[in-house]
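Participant: Kindly produce the complete structure, drawing on both the sequences and the hints.
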Amino acid sequence: MANKKYDLVIADGRIIDPALGFGKDAYIFIKDGLIQKVVTPTAAVKKEVKNLDRSQVIDATGKLVVPGLIDIHVHLREPGREDAETIESGCQAAAAGGFTSVCCMPNTTPRIDNQETVKFVQDRAKDCDARVYVVGAVTKNLEGKELSEIGDLVKIGAVAISDDGKYPQNPEIMRRGLEYAKMFGIPVMQHAEDQYLCAGGVMNESFQSTRLGLKGAPAVAEEIAVLRDIALCRFTGARLHIQHVSTRQAVAAIRKAKAEGVNVTAEATPHHLVLTDEEIGKEFNTNLRVNPPIRTTDDRDAVIEGLVDGTIDCIASDHAPHSEEDKDCEFDLAPAGMIGLETTLALVKTYLIDKGYLSWADAIRKMTANPARILSLPGGSLAEGSPADITIIDQDKKWTVKADKFRSKSKNSPFIGWKMKGQVYKTLLGGRVVFEQ
Amino acid sequence: MPAKTEVILTEKKINRALTRIAHEILEQNPDAKSRVVIGIITRGAYLARRIAAIIEELEGVEIPVGLMDIGLYRDDVHSKLDQPVVERTEILFDVVNRNVILIDDVLFTGRTVRAALDQIVDFGRPRTIQLAVLIDRGHRELPIKADYVGVNIPTAKEDQVILHVTERDEIDQVLIQKGKGAKPGAGRGKKGGNG
Amino acid sequence: MSRLHSRHLLGLENVPEADISLILKTTNSFREVIDRTIKKVPTLRGITVLNLFYEPSTRTRISFELAEKRLSADTVNFTTSTSSVKKGESLRDTVQNIEAMKIDMVVVRHSSPGAPYYLTRCMDANIINAGDGAHEHPTQALLDMYTIWKKYGRLDGLRIVLVGDVKHSRVIRSNIWGLKTMGASVALCGPSTLLPYEVEKFGCDVYTDIDEALDGADVVNVMRIQLERQQSGLFPSQREYTNLFGINKQRLKLLNKNFTIMHPGPMNRGVEITSEVADSGNSVILEQVTNGQAVRMAVLYLLSGRKEEEG
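Residue numbers (the working numbering), protein chains in the order written: chain A, 653 to 1089; chain B, 39 to 233; chain S, 73 to 383.
Because the hints were derived from the structure by calculation, they are not lab data.
One or more of the hints may lead you astray.
Stated by the list, open to error - Calculated pairs, DSS-like style, for lysine-lysine (alpha carbon to alpha carbon, straight line, at most 27 Å):
(1) A:Lys934 x S:Lys252
(2) A:Lys771 x A:Lys792
(3) A:Lys1073 x A:Lys934
(4) S:Lys379 x A:Lys934
(5) S:Lys97 x A:Lys867
(6) S:Lys97 x S:Lys111
(7) S:Lys379 x A:Lys867
Facilitator: The structure is reproduced here in structure tokens:
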């Protein structure tokens, strides 16, 4: 080895970092897994890098260099459904999508409602291609009846609690969950859909469900759930994070609550930001079956507005792998969910940035600094001394989504065949290249 | 290369042939009660009506006329890209113990007649079935022979013989389209040139 | 020569007018075959048709089976309930197994909307939808349309009222698409809890008052009301349904002269329709059943032998 002063240098990339400012060309020097310095490319710096061994330099000319992306809503399926995804394969998918940190939901089998299962996930995640943070269950077995031992979960490292996929229908339980979580300074992440109103629903209730004769889950089921939880959040003074906001009225309710100082945050998924329910009737593609369902054009536009004006804090994929066997069936018998880790960045670039809704700076903030802040996670910045979790993006690269290219064990994406712009070039986790195109 | 088309029968010749066929039918089937005609849709149906009219004029008695679409009895239904349009078969009389005179415009391979024979038998058991055609152009693929022939016209297999009738085409004439440029079935009343 | 635009019949939405006209015209020819002494033609000899019924059905299955037999097709029936299949093999495996037995056409009834679309992805056979959940039931709508067309000689300009559980009715959906394509004016009527969300976007007149709906109409097509809808709280009682939406003699006065009463069956006499109305001279309910066979023969005939590469 030539120069051991640095392990790796990312040369000539354009830095986009919410903390450091935007659009600067810079060199990033990495040593021992940490960002040692970020400097503007002076002649002296260039000369120094020129002398380095070529294997130590990543030429990022024309590329964007951003903090490793953070996805606070993924399902890694392990333990229980290792045929659909494992922590290892999920992390590979994360790396391929530019994500260096992910938060996994507790609806595994067994549920992540106890220390042993948290420990199991943490052990499995060691040496994987992304950092995995565990979200514990609000209630035991996600049944919405008794609180899980949240103190235990937090003690061992859970960063939040959620009954994702289910909605604690009993407001008393939700109140206690919020109060209890407040004690540990963690938010409750809520899948907000009233279970009575959307019972049996397999798509959004709209003219599209009317047309197709499929049972609809109405937007009002989400609105009511969000309004109730905002009320409880205000009442308890706890922290509430609304997952996958998908309706105009839910966005409006969160906007109003934030204006009134309620401690609520929210996320939106790429699929709710891009798709509309008209897609389903084209060929009853079961990969479009998801909860909450893909909504109308008006709802989608409202979610985009919410993302743009800051009502919605971050973008999260709700990466939900399902095996081909489970999805290869009649539409209303298919399980809900779609994978998203490997298409999120390209969808954001193609459908939000290129359409003028978001700048690169806004988009990166909503996939790095903001999610990190919501769950008090490390990362989300290229500040000197922080772990070298870095994503390098080839922003104009055109590509087509192909099922056989997914790192995820599951291929349940409705975006297969879609033409995208913007691709992950390299992903670094603690200074190690975990993905390269 | 556009196919060469020429008129081989004019209105006058067609009428003369039909009149002769009518006379022959009467000669062979003197019993007015038992004789009926069935025309094969499309062009054969027009000829059946005309022959019936001539017979009525000659004898002063009506002869029942049936119309038959043989589409459902074809032997090539599933080997074609398009399904032939099925017209309504109208045989509003009993064929049992009748002398049925089946009428078509052109006798070619014999497959249309085969289908028609099968269909008539499904309607009942006639005493006889006889075949009358305006034109016999040869090239039989089945052992079928007409009892009454208007005109024998030698043709090449790839030629097309086309009957025009005033009811549909504003003129009575028979055309022949020579050679390879002739599309199978092109311009023919009968679907697909089953012959 | 003429052909349908698709090699399957999955629904009537997006089926062009030319195709519906061709089916109705062909039905008219097959209608004559049914009246023959020997009601059988050799047309589909060598074609094997599978009747794949995942929902109990007597009428539709028998109607299809008779249509197939009258066309000389070989038929096999596979009848099962969805629940037992859920436990056992997947729909894909079932149909691929069956297709390995060289099936040419499949008539499918299934409780899941879109199941016939799914079948087109699993196998090469021509697929005919015989009812998929609350989505479509195209042959029922075609026979309704043929019955109306036969009586009036046209569909355009007629006013047709569809009464009943619009939310769950595949028959109504297929009728809406087909009738609108053919230029009829369609009105829907039922209790507001059985009108699906944004029903007005079908482009029909929507009523919750039956008397308003019937005023000036030519045809009333009355749907069966399922008892279980009452049990799931969508309307309070059968009695109230009958009072508000039942078709009785009194209400017929609102209709145009030469009006027509239809019902896809099976009827709940005394609930959605009185016997007096069902058995009246203006009722074509039994004619619908006969026409159903002719429509199904026409559809089977027009789709038979259509291969993948033709689209």
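Participant: For every hint, state whether the structure bears it out.
Facilitator: The hints, checked one at a time:
no.: 1; hint: A:Lys934 x S:Lys252; in the structure: 21 Å, holds
no.: 2; hint: A:Lys771 x A:Lys792; in the structure: 17 Å, holds
no.: 3; hint: A:Lys1073 x A:Lys934; in the structure: 24 Å, holds
no.: 4; hint: S:Lys379 x A:Lys934; in the structure: 22 Å, holds
no.: 5; hint: S:Lys97 x A:Lys867; in the structure: 36 Å, violated
no.: 6; hint: S:Lys97 x S:Lys111; in the structure: 19 Å, holds
no.: 7; hint: S:Lys379 x A:Lys867; in the structure: 34 Å, violated
Of the hints listed earlier, those the structure fails to meet are numbers 5 and 7, in rising order.
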